[in-house]
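A.B. asks: Sequence:
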Amino acid sequence: MDPEKNAALSDQELLERFQQSHDNEWLGLLLQRYLLLLFGVCMKYLRKEEEAKDAVQQICLKAVTYLSSQRVTYFKSWIYMVAKNHCLMRLRERDKNTRELSDNTPVAHHETDKQDLLQTEQAARVAHETATHEENIAENKYDTLGLEAAYLATG
1 MDPEKNAALS
11 DQELLERFQQ
21 SHDNEWLGLL
31 LQRYLLLLFG
41 VCMKYLRKEE
51 EAKDAVQQIC
61 LKAVTYLSSQ
71 RVTYFKSWIY
81 MVAKNHCLMR
91 LRERDKNTRE
101 LSDNTPVAHH
111 ETDKQDLLQT
121 EQAARVAHET
131 ATHEENIAEN
141 KYDTLGLEAA
151 YLATG
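The opening position of the sequence shown corresponds to residue 1 in the numbering used here, with each subsequent residue numbered one higher.
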């Protein structure tokens, strides 16, 4: 694979090549384009760098699994929604665990460093602007419906 030629390929072309050949390198090139977006979304919701990094890895694994058998029309919007849903599920789990702890033990709260918070907010703004840009918005509700079903099925 020639990196210069591949850089010029659109998201859709990379997806098509992956789905035809099932060569993970094509999907790897595509995911690499969106790692910063994914990290920004995860930082926005999770606010912990290590947890956000772990979430990005899990999202990439979900993408490989899902895209091996399903088609996605607008990859950027789709991967943004996968990241958002993944983070929301992690927050629900965290909240559930915190509530269970609070029944027995007081939970300590730590104040977030202001500079880290500003960086997180900026990354989240960029991620949101990128994902909600007009060309990346799903054409209809069916673009993400299959993803939601698969996500719910795998938990």
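In case anyone wonders, no lab produced these hints; they're calculated from the structure. Careful: at least some of the hints might be erroneous.
Taking lysine-lysine pairs in the DSS-like style, the calculated list, with each CA pair at most 25 Å apart, reads [what the hints assert, rightly or not]:
#, residue 1, residue 2
1, LYS76, LYS96
2, LYS114, LYS48
3, LYS84, LYS114
4, LYS48, LYS96
5, LYS62, LYS48
A.B. asks: All hints, please: hold or fail.
C.D. replies: Against the structure, the hints:
Between the alpha carbons of LYS76 and LYS96 the distance comes to roughly 30 Å, so the proposed pair goes past 25 Å and is violated. A distance of roughly 13 Å separates the Cα atoms of LYS114 and LYS48; the hinted pair therefore holds under the 25 Å criterion. Distance hint between LYS84 and LYS114 is fulfilled; the C-alpha atoms sit about 23 Å from each other, no more than 25 Å. At most 25 Å may separate the alpha-carbon atoms for a hinted pair to count; LYS48 and LYS96 meet this at roughly 18 Å.
Simply put, LYS62 and LYS48 have alpha-carbon atoms about 21 Å apart, close enough for the 25 Å limit, and the pair holds.
Checked against the numbered hints given earlier, the structure breaks only hint 1 and satisfies all the rest.
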